[in-house]
Amino acid sequence: MIDPENRYCCHQCWKQYVNENRSAWPFLDRMILCPTCGNKRCPKAGDHNLACTGSNEPGQPGSAYPTA
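Residue numbers (numbering that gives the first Met the number 0): 0 to 67.
By construction, these hints were calculated from the structure, which means they are not laboratory data.
A hint or two may mislead.
DMTMM-like cross-link-like pairs, simulated, lysine to aspartate or glutamate; straight-line CA separation at most 25 angstroms [stated by the list, open to error]:
1. 14 / 28
2. 14 / 46
3. 14 / 56
4. 39 / 28
5. 39 / 56
Take these sequences, add in the hints, and give me the full structure.
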């Protein structure tokens, strides 16, 4: 179960939090960024278990932002 304080940790935690708390607002009210490099396309922003690449390039494996 996701602690409400950590629900914005990464995209995976946010999805799990919404699935566990059906009364939760299902839309993000903030951007989820990598806590290490601050990039939104970094794989660590998609899943906190992945390594930070320090890159904001689209299409990185594990990123929540696929190629355009």
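Now the hints, each set against the structure:
The straight-line distance between the Cα atoms of residue 14 and residue 28 is roughly 13 angstroms, inside the 25 angstroms bound, and the hint therefore holds. Restraint check: the Cα-Cα separation between residue 14 and residue 46 comes to about 11 angstroms, which is no more than 25 angstroms; the hinted pair holds. For the proposed pair residue 14 and residue 56, the alpha carbon gap of about 23 angstroms is at most 25 angstroms, so the pair holds. Of the pairs offered as hints, the one joining residue 39 and residue 28 holds, with about 15 angstroms between alpha carbons and a cut-off of 25 angstroms not exceeded.
In summary, the hint linking residue 39 to residue 56 is supported, as the alpha carbons are separated by about 9 angstroms, within the 25 angstroms threshold.
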